[in-house]
Amino acid sequence: MADIQAGRLSSAELAENFADVHRPLDRAGALAEANRCYFCFEAPCVDACPTGIDIPGFIRAIATDNLGGAALTILKENIFGGSCARVCPTDILCQGACVRNVDGDGPLAIGLLQRHATDHLDPSVAHPFARAPETGKAVAVVGAGPAGLSCSHALARRGHNVVVFEARGKPGGLNEFGIAAYKLPDDFAQREVAFITAIGGIEIRYDQQAALDRLRQEFDAVFLGLGQGGVRDLDLPGADLQGVQNAVDYIAELRQADDLASLPIGASVVVIGGGNTAIDIAVQAKRLGAEDVTIAYRRGPEQMGATPHEQAFAQTNGVRIKHWLQPLRLEGDGGAVQAALFTSAQNGAEQSIPCDMVFKAVGQTCLPMADDDLQLADGRIAVDQDGRTSLPDVWAGGDCVAGEDLTVQAVQDGKRAARAIDLYLQDKKG
Amino acid sequence: MADLRCEIAGIKAPNPFWLASAPPTDKAYNVERAFKAGWGGAVWKTLGEDPPIVNTTSRYGAVAVNGQRMVGFNNIELITDRPLDVNLMEIKQIKRDWPDRAVLVSLMVPCEEAPWKKILAAVEDTGADGVELNFGCPHGMSERGMGSAVGQVPEYVEMVTRWCKAATRMPVFVKLTPNVTNIQAPARAAKAGGADAVSLINTVNSIVSVDLDSMAPTPTVDGKGSHGGYCGPAVKPIALHLVAQIARDPECAGMAISGIGGIETWRDSAEFIALGSHGIQVCTGAMHYGFKIVDDMIDGLNNWMDGKGYRRLADFHGAALANLVDWQDLNINAELVARIDQDKCIKCGLCHIACQDTAHQAIAVSGRGPARRFETIDAECVGCNLCAHVCPVEDCIAMTPVDNGKPYMNWTQDPRNPHASAAE
Chain A
1 MADIQAGRLS
11 SAELAENFAD
21 VHRPLDRAGA
31 LAEANRCYFC
41 FEAPCVDACP
51 TGIDIPGFIR
61 AIATDNLGGA
71 ALTILKENIF
81 GGSCARVCPT
91 DILCQGACVR
101 NVDGDGPLAI
111 GLLQRHATDH
121 LDPSVAHPFA
131 RAPETGKAVA
141 VVGAGPAGLS
151 CSHALARRGH
161 NVVVFEARGK
171 PGGLNEFGIA
181 AYKLPDDFAQ
191 REVAFITAIG
201 GIEIRYDQQA
211 ALDRLRQEFD
221 AVFLGLGQGG
231 VRDLDLPGAD
241 LQGVQNAVDY
251 IAELRQADDL
261 ASLPIGASVV
271 VIGGGNTAID
281 IAVQAKRLGA
291 EDVTIAYRRG
301 PEQMGATPHE
311 QAFAQTNGVR
321 IKHWLQPLRL
331 EGDGGAVQAA
341 LFTSAQNGAE
351 QSIPCDMVFK
361 AVGQTCLPMA
371 DDDLQLADGR
381 IAVDQDGRTS
391 LPDVWAGGDC
401 VAGEDLTVQA
411 VQDGKRAARA
421 IDLYLQDKKG
Chain B
1 MADLRCEIAG
11 IKAPNPFWLA
21 SAPPTDKAYN
31 VERAFKAGWG
41 GAVWKTLGED
51 PPIVNTTSRY
61 GAVAVNGQRM
71 VGFNNIELIT
81 DRPLDVNLME
91 IKQIKRDWPD
101 RAVLVSLMVP
111 CEEAPWKKIL
121 AAVEDTGADG
131 VELNFGCPHG
141 MSERGMGSAV
151 GQVPEYVEMV
161 TRWCKAATRM
171 PVFVKLTPNV
181 TNIQAPARAA
191 KAGGADAVSL
201 INTVNSIVSV
211 DLDSMAPTPT
221 VDGKGSHGGY
231 CGPAVKPIAL
241 HLVAQIARDP
251 ECAGMAISGI
261 GGIETWRDSA
271 EFIALGSHGI
281 QVCTGAMHYG
291 FKIVDDMIDG
301 LNNWMDGKGY
311 RRLADFHGAA
321 LANLVDWQDL
331 NINAELVARI
341 DQDKCIKCGL
351 CHIACQDTAH
361 QAIAVSGRGP
371 ARRFETIDAE
381 CVGCNLCAHV
391 CPVEDCIAMT
401 PVDNGKPYMN
411 WTQDPRNPHA
421 SAAE
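Chains as they are written, first to last, in my numbering: chain A, 1 to 430; chain B, 1 to 424.
In case anyone wonders, no lab produced these hints; they're calculated from the structure. Please read these numbers as outputs of a predicted model, since none were measured by experiment. Just so you know, not all the hints are guaranteed correct.
Here are the simulated lysine to aspartate or glutamate pairs, EDC-like style, with alpha carbons at most 20 Å apart [claimed, not checked]: (1) K344(B) to D105(A); (2) K92(B) to D50(B); (3) K344(B) to E42(A); (4) K308(B) to D296(B); (5) K118(B) to D85(B); (6) K95(B) to E7(B); (7) K344(B) to D103(A).
Reference listing, derived: stretches of chain A covered by chain B, where coverage requires no fewer than 3 residues with Cβ under 8 Å from a Cβ of chain B [stated by the list, open to error]: (8) 32-39; (9) 96-108.
Backbone N, C-alpha and C fix where the C-beta goes; we use that ideal spot for every residue, glycine too.
All chains should be built: construct the whole structure from the sequences, respecting the hints.
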C-alpha cells in the first residue's frame, strides 16, 4: 500500500516550513552589510546582473539612508526587483562576481540588500514612475509572467497601451505558479504585479487562448512571453502508475493551495531530475512532511542544472541527492508506484529506490503559438539580439526563447524588447 | 618584560596609562574600578567652587563612520556636579588605598588668586600627587570666564600658573585647549608661569551633527543644541601634532608632557610617547568599551617594546621627534612609485578611479571582468600614496622607492625655488 497522506504536519509546522526562507535585514543589519561594499569602479556585480542594476549605487544609497533612492535605482532597471531579490541565484550572478569573494570576507549579501531597498519603497507613493503622454499605439503581450509584464511596464512608461493575454486565471507566471513557496511567501507575486500595473495603461485579460494572426491584425506590435507551457517527457515504463506526476504540476497546485495540510504527499518520494525544479519539489515535499526524499540525477554534481547553493540548500533540508543514476523503469503494485529503478552510470548496476511518489523534473519545453512564419531554434522561438522574431511586428522573450531560464533574464528580455518595440512604433507612421 | 613605570614631573606611576579628567574619574566608585582594572593613574574630574554646577540632559553626541561607532565623540557636560567636600573626601580615601597610583586633581575656579589658593590648600590635604589646571574646556564654563577662556589668553595662563606654583608644593600640570592658532603660545606661558607639565589636548570646539528632522544640533536639550568639546579617535592626529609642536619647541624644554586625544590602544600611546609625551591620558576609549581596555594597552606595549628591545619608556621617548622636520627640509629628490601586486589584486578598481578622477591618471586599466588588470603608468605616477590608501587589500599596493641616483636636496637648495640659497 502506498503511503500517501495529507496533513503529515500540524498547521503550525507547515506555517513555519513555508514561511520566508530568508530573514530580511533590519536597518542595522542593512547598514552594516551596505558598509562592506567597496564601491568598485565599473563593478563586476553590475556586469553579472542580466538587468544591469547599478548595484554599488543602490548599496551606497542604503548606507546613506536614502532608501527611496536605492529602490528606484533597482526598479528603473528591473521592475521585478522585489521578486528577483528573493529568487535570483545570486551565487552565480551578482554575488558570484563580488570582489569580496576574492579577498576572503565573502561576497556582499546583494539579494538581501536589494530586498531591503525594495521592501522600503515609500508606500504612500502609488507608483514611482510616470507615463509618457499617450502615443495611441497598442501592443499585445502574451503571458503575464515576468517577461510579459516587464515588457508591458516599459511600454506603458513610454506611453503605449498594452493588453496582456494570460492563459491562466491569475498573473505572475512562474512567480505565482512555479517558484518554491517559501521564496515568495505572503502573496508577494500578486502584490508585485499590482505594483507594476499601477503605472496604468496595462489591461490584463485572463483565461485567454490568443491566436497570433489575430493579435497581429488588431495590435501595432506583439510581444510573446509564453514561458514554457510544456513538460519534457520521461519515457519510462511505469510512468503511468499512480503517484507519478510532473513536478511543475504539483508545485503549481501547492502554490495555489489555501491549506497546505490538504496536499497529499508520500512518505517516501523520489525526484528524477537535476535542475532547480527538482530541488524545489524535493525540498517542498520534505517540508510538507515526506519522511524520505531522494533526488536521482543521471550525471554528477557539476552537471546539475541546480546551482551549488541550491544543491546545498536541498541537502541541509534533509534531501538526499544521488548522482549517476539513469532511470530504468518504475514498478508498482495494484497500479500504484512502489519503487523507482535505476542503472548506475558508473558501474552499470541496477538500483531500486522504494517510494510512494515519483516526481518527474527533467525539464520543460516551449509550446510556441502556431504560425507558419514564426521560426524556431532548438524548440524555442528564434529571436535576434533585440528579441525580435522572424515576424517583423512580433518580439519574444523569457523562457520561450534561448538563454538562461531565470526570472531576471526574462525581465531583461521584456525590457529590451520594449525598447525595440518603441523604436519600431515611432518609425511606423499613423 | 619591559619596564612600563613612568614618571612625569616627579609623579610616579606603575604604567603610563592614566584616565583623563572626565566622567570616568568623577567618583571614588569609578576610580576604584579603574585602578582594580590596572590603570596607572587618574586625573580626578575637575573640581570647582561650591555650590556645584548643574548639568543638562542629554550631554553626549557621537560621530559614526561606515558603521564604526564613536569615531568622534563630543560632550556638553560641565565640571563635577558634586559638592567639593564629597570629592575631597573620596580623593583622600582613594590615594590612601592606592598609594602606588598617580592621583591628580583637575581644578577650575574663577580667574582670581584667592579661590585658587583656597582650593589648592584643600587638595593638598587629600594627599593627591598633583593638580591639573583646567584651561581647556571649550563649552559652558568658558562662557563664565573659565576653562578655554583662560587657556586662549597666554597672559592668563602664565598668571594663574604662577599663583598656583606659589601656593602649593604639588607639581602643577596645565591642561591646554587646542582651540588656539598656535599651541606654543599658551605652552610657553605655562612654562613661564612655572608649570611642571602640560596636558593636551583638551576637547575641540564642535557641533557633531544636525538632526535634520528637528533642525537642531545634537546633542539636543529640549529642542536646542550647543557647541561641545570634540574628542575620540578622530582628534588623535590633531593632538599628535600639537604635542609634537611643544615637544620640539626649545622654549618649552624641561616641561613634561601628558599626551591626550583619541588614545584607545597601546599603539596610539606609543606614538604619543615617541613624539615626546611622558605619559598619556584616556577618556573616550574607556567610555566606549569600559576600563578593561587597559589590559591590552599594557600587554601590547610590553610586547612591542620587547620586540624592539626597548627596556623602559625613556628608551623611545621622543624618538620620532628627530624625524619630524619642517616641510622645507624634506628631500625633494626622493621618489616613490606605486607597485600593484597582481596576485593580491581583487580587481575592485578603486585605485584606478581615484587616480583617474582625482589625481594623476597614472593607473591604467585593461581587459574586462575577472581578466581586468590595473597597472601603474610609471611616467605619470607622482608617488602620492592615494591608490595605496584607497586599496582595500592589505599590502597589495606598495609605494616603492625609485633609485634615481639623485642626492638629498631640500626646497631651500632647489634651483626651482626662486628664493633658494645657491645649491652646492
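We went through each hint and held it up to the structure:
The hinted pair formed by K344(B) and D105(A) meets the criterion: a straight-line CA distance of about 14 Å does not exceed 20 Å. This hinted pair checks out: K92(B) and D50(B) have alpha carbons roughly 18 Å apart, not beyond 20 Å. With a C-alpha separation of about 19 Å, the suggested pair K344(B) and E42(A) falls inside the 20 Å cut-off, and the hint holds. With a CA separation close to 18 Å, the supplied pair K308(B) and D296(B) stays within the 20 Å bound.
Taking the CA atoms of K118(B) and D85(B), the gap is about 13 Å. The hint holds against a cut of 20 Å. At roughly 17 Å between alpha-carbon atoms, K95(B) and E7(B) fall within 20 Å of each other, so this suggested pair holds. For the hint linking K344(B) to D103(A), the alpha-carbon distance of about 8 Å falls within 20 Å, and the restraint holds. Check result for the stretch 32-39 of chain A against chain B: holds, 4 residues qualifying (beta carbon to beta carbon below 8 Å, three or more required).
With a cut-off of 8 Å between beta carbons, the stretch 96-108 of chain A has 5 residues touching chain B; three or more are needed, and the interface restraint holds.
In summary, this structure violates none of the numbered hints.
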